[in-house]
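> Going line by line, the protein sequences match chains A and B. Residue 211 in our numbering sits at position 211 of the first sequence; the count goes up by one each step and never skips. Residue 1052 in our numbering sits at position 52 of the second sequence; the count goes up by one each step and never skips.
To be clear, the hints were calculated from the coordinates, so they are not data collected in a lab. The beta carbon of each residue, even a glycine, is placed where N, CA and C say it ideally should be. One or more hints might be untrue.
[Said to hold, decoys possible] Okay, the calculated bits of chain A under chain B, using three or more residues with CB under 8 Å as the criterion: (1) 102-116; (2) 199-211.
[As the list claims (entries may be wrong)] Restraint ranges, calculated between C-beta atoms of paired labels, are given here: (3) A:F106 - B:R1029: 23 to 31 Å; (4) A:S135 - B:A1098: 35 to 43 Å; (5) B:A1151 - A:G166: 42 to 50 Å; (6) A:V222 - B:A1098: 53 to 61 Å; (7) B:Q1085 - A:D195: 32 to 40 Å; (8) A:N38 - B:Y1246: 55 to 63 Å; (9) B:V1231 - A:Q112: 41 to 49 Å; (10) A:S61 - B:S1080: 45 to 53 Å; (11) A:D168 - B:V1235: 53 to 61 Å; (12) A:N38 - B:R1029: 20 to 28 Å; (13) A:S61 - B:F1279: 22 to 30 Å.
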Amino acid sequence: MSVLKVEDLSASYRKNKVLSDVNFNVKPGSLTGIIGPNGAGKSTLLKVMLELHPSLSGKVSFFDSTLAKTKRRVGYVPQRGSVDWDFPTNALDVVLMGLYGKIGWFKWPSKQDKELALEALAQMGMADYADRQISQLSGGQQQRVFLARALVQDADLYFMDEPLVGVDAATETAIMTTLKRLKSAGKTVMVVHHDLLTVEDYFDHVMLLNRTIVEYGKTDEVFTKDNVQKTYGGSLRWMKEA
Amino acid sequence: MSYEGWILLTAALVGISCGVMGVFLILRRMAMMADAISHTVLLGIVTAYLITRELSGWHMLVGAIIAGLLTAVFVQWLHSLGVQQDASIGVVFTTLFAIGVIMIATKTGNVHLDVQHALMGEITFVPWQTMEIPLLGEVPQATFILSIVLAIVLVMILAFYKEWKITTFDAALAASLGIPVMLMHYVFMTLVSITTVASFDAVGAIMVVAMLITPAAAAYLWTDKLSIMLVLSAVFGVLSAIGGYYIASWIDTSISGSMAFATGILFLISFIGSPRHGFISRYIRPVTLAKE
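The whole structure should be built from the sequences, with the hints applied where relevant.
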C-alpha cells in the first residue's frame, strides 16, 4: 500500500513556475525532512498536495485513493506565522479546532472532545496553558498548541510546515519526541525543515527539493555533500568540513 | 408603539446585526470589504428598482445580495489576476458605486431615491412606511425587514459558529479538514450585504460602515473570547444607535451622523479604559509576560 504517491506534479505561484516534474512515493511509517533553499517550493508542495493551492498538472493519491475520500486521515500543521495569534480564543479552543471536521456540521464540541483536546495539550506539556489566551503564549508554546491540534486529529499522514522555526530548545525536543512517537505508532510524517545540522538526527528519510526533487530517499544514503550542494547551489559550505 | 419607539427599535436592530457581523469582518480583516459592499449595494438597489419599478424592501434586498456577491466575486477575480487585495477592492467598489450614482441621477427621476438619502439614510422616515403583518398589525417595513435579517444573521452565525471560527482563524486548516472555505466566504459576503441593505434606510451607506466596524473594534479591546466579543459588540452597537438618536435630538442634527459619532466615542472610551488592551492599563500594569 502506498501512503502518498505523487506523479508529474507541477505548480506555479504568481505566474512563476515553482514546482515541476515532481514524482515520489512515500513509505508508510517514514519520517521525512523536506529541505531546500528559500523559494524551492517546500511550502507550496505541501499546499498543492493538500489542494490548498492549485496544481498545473499531475496526480496525487493518498492511501491509493483521493484526498477527498481520505481527508480524515491527513493532518496538516501550517506555518505558525500564517494565523493571527491575536484572535480572541484560548489554547484549548485552538486544539479543539483539529476535531471540527470529525464533529461535523451543526454540532458543538462535546465533553469528550474537550477531554481529547486536553489530553493532546498534556502530551505537548501544555496542560497548564489550556485557558491561556493564545497571544499570551510564547512562540514555542504556540507551536506546541499547533502540534497538539494535529495530534488530536489522530491522522495517519501528517504534513508540517516548519514546525521548528523560531522555537526554544525545550519545544524543539518536545516536538521531535512527538514526531518520533508518531513514527513508532506507524504514522507517516513529512516535515518542512530548514536546519541542515539536525537533519541526520531527526529524520530517517530526506527529500531534497529545489523546484523539483533533487533526491529523495533514506537519509544515510541521500543526505550527502554532493546532493546538498546540488540542491542549494555552490554557495553552501558543507558543514561537516567546518 | 410610539413614533419614537419604532425609531429606537429600528436603531437597536441595526446595532445588533451590524455589531455581530462586524466582529467577523474585523477578525477576517475585511473592514475595507464592508466599506465596498455598503457602496455597491446602491447599484443593486437602483437596478432592482429599474427592473421592478417598485421601491419595496424585498426587491432591494435581492438586488443588494446580487450586488454584494458581484463585488466579492470581482474583487477575488482581480486579486487572482495579480492586483493587490486593497487595490482591487478600491477599483471594484468605486466603479460599481459610480454606475449606481449615474443610474440614480439619470434614470430614477423624481422617485423617492436620491443620493443623499442612500448615503445618509433617514431613520425619521422609517415609522411612516408601514406594512400589515398578521398578529402584529401595522409595522414599519424597514423594521420588519431588519428583524428578519437579524434572525437570518443570528441563525447563520450560531448554526455554523465553529465553522466561522475556524475559517476565520485558520483557513488553511479549515480547508484541509474539508470545510468549504470559499463557499463560506461568499455566504459571509451575502450576510454582510443583507445586513448592509437592511440597515440602509436607518443609517445610510456611509454610516453603516461605522456601525459595522467601530463597535466590533471596541469590543475587541475588552475581551479575549470570541463569544463575549460578539455579545459586547452587539451591546455597543445598540448603545451607540440609541445614544446617537438622543444626541441628535438633543442638538438637533443628523441622526445617522450622531450614531456614527457615538460609536467613535465608545471606541475612544474602550481604547483608553479597557483593562486588557487599554491605553491606561499599558502604563499602570507592569510588564510581567514577555511575549517572545
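> Each of the hints needs a verdict: does it hold here or not?
Structure-based check of each hint:
1. 102-116: With 5 residues in contact (Cβ-Cβ under 8 Å with chain B), the coverage given for the region 102-116 of chain A holds.
2. 199-211: violated (count 0)
3. A:F106 - B:R1029: 23 to 31 Å: With Cβ atoms ~27 Å apart, the hint holds.
4. A:S135 - B:A1098: 35 to 43 Å: About 41 Å separates the Cβ atoms of S135 (chain A) and A1098 (chain B), which means 35 to 43 Å holds.
5. B:A1151 - A:G166: 42 to 50 Å: holds (46 Å)
6. A:V222 - B:A1098: 53 to 61 Å: Cβ of V222 (chain A) to Cβ of A1098 (chain B): about 60 Å, so the range 53 to 61 Å holds.
7. B:Q1085 - A:D195: 32 to 40 Å: holds (33 Å)
8. A:N38 - B:Y1246: 55 to 63 Å: At 58 Å between Cβs, range holds.
9. B:V1231 - A:Q112: 41 to 49 Å: violated (27 Å)
10. A:S61 - B:S1080: 45 to 53 Å: violated (27 Å)
11. A:D168 - B:V1235: 53 to 61 Å: violated (40 Å)
12. A:N38 - B:R1029: 20 to 28 Å: holds (26 Å)
13. A:S61 - B:F1279: 22 to 30 Å: violated (55 Å)
In summary, the structure is inconsistent with hints 2, 9, 10, 11, 13 from the numbered list given earlier, while agreeing with the others.
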